[in-house]
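With chain A fixed as given, assemble chain B onto it according to the hints.
Here the protein sequences come in this chain order: A and B.
Position 127 of the first sequence, counted from 1, bears residue number 127 in our numbering, the numbering being contiguous throughout.
Position 160 of the second sequence, counted from 1, bears residue number 160 in our numbering, the numbering being contiguous throughout.
Certain hints may be false.
Since copy identity is lost for identical chains, a pair holds within one copy or between any two.
Said to hold, decoys possible - In silico lysine-lysine, BS3-like type, Cα no more than 30 Å apart, as pairs:
(1) 188 to 157
(2) 107 to 154
(3) 60 to 188
(4) 195 to 157
(5) 107 to 60
(6) 107 to 188
(7) 195 to 60
If you're looking for bench data, these hints aren't it; they were derived computationally from the structure.
Number of protein chains: 2
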Amino acid sequence: MTNTKHVQVLENMLDANDYVANGLRAEWDARHILAVNLLSSPGSGKTTLLEAALPWLCPKDRILVFEGDIETERDAERIRSQGIDAFQITTGGTCHLEAHMIEQAWKLSDRQQPLDFIFIENVGNLVCPASFDLGEHVRVVMVSAPEGDDKPAKYPKAFRTADAFVITKSDMLPYTSFSVERAIREAKQIQPNLKVFVLSAQNGEGVQEWRDYLLEQRRLRFPEA
Amino acid sequence: MTNTKHVQVLENMLDANDYVANGLRAEWDARHILAVNLLSSPGSGKTTLLEAALPWLCPKDRILVFEGDIETERDAERIRSQGIDAFQITTGGTCHLEAHMIEQAWKLSDRQQPLDFIFIENVGNLVCPASFDLGEHVRVVMVSAPEGDDKPAKYPKAFRTADAFVITKSDMLPYTSFSVERAIREAKQIQPNLKVFVLSAQNGEGVQEWRDYLLEQRRLRFPEA
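Next comes chain A alone, as it looks inside the complex:
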């Protein structure tokens, strides 16, 4: 199939990742836990959206967060200060999370605790994380208004593999040339089935719709839960 050693190695690496990811998803399926993987550039507001949405999503002790970062415990500390359990995964240079990292953290967690949701905040990077299934049921790609409406066209893979597209920092739209209509149109050219949200964790606009979507996704996937 492939004609260079480089591609061969990559395929094997991704196969190994998918094997671990499928194992995680099967375990989460059995426990009726919906897993959500958040992808974006650095500074698009992934942690801030979790802070704004999670405390009012469901009982706090039914949520577990995995925070991926190159360095620092800061994001996990922000989530813990909301009363929600969070594991920090520092990759030490690696530009994305891989399924085996999630598996290691998952095995260190208290797996007897019943959960409704697992949120995985990927390393801030709109490119590489798109190639790695982490066992999630829902993949979310986020772009903040100040980043510009050209991001879907320029970083198509993250959009091609996503279920939902969240435009964050909508409170800053008046100070930018960001066209919500253009961003949505170009994102849907890549992935027509994207569910789109425009929200601001700052003033709360759109956050309830985002929570409703997450709850609905869990109900649809686990109607017996």
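Just chain B now, kept in the frame of chain A:
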């Protein structure tokens, strides 16, 4: 020295990159061309800063721009519309530029044309591009105000290898919790010699100081030019 095949391969790949990068730098040295490599997240304003700074830096025909992107010709088109020559390098999925990509584009350019500056706009990614020397003399890392002041601590490698740190979109500082003092302090903990700029391509604040820095870097490196 190394005990796994993975590390061995990576070291060889980076050695090969450095060999090509050193060749490019030697050629640019001989021609008194200062090469500048811009690194940032997607949407930090790399292209916008080039649009704001380049037309008034030196005669337009003495500047060449290499635009790195996963997809689209949009950034090169934006630069060309300013009357400045630009090559688009689309990586087709690769999350950073490598020296051989620059070498290919450089060989396609009109190398008889005398130049003062080459600007390389890397793929929008605050992680992977930091590992690849592109033959530049000056490496610039940029963070926009809306991204947050925690970026230096969370993405240290880009700062460790940089000469200058540019905080962009300063016009948006009033709408964010970004602390310029904290961002600079944490960046200088990683790389004490960083030259720092705070600017807005929107209202022009700080752009002249940035141009002056570039001109000074060229004079210092090529006093005979």
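> Which hints, by number, does the structure contradict?
Replying inline: Of the numbered hints, 3 and 6 do not hold.
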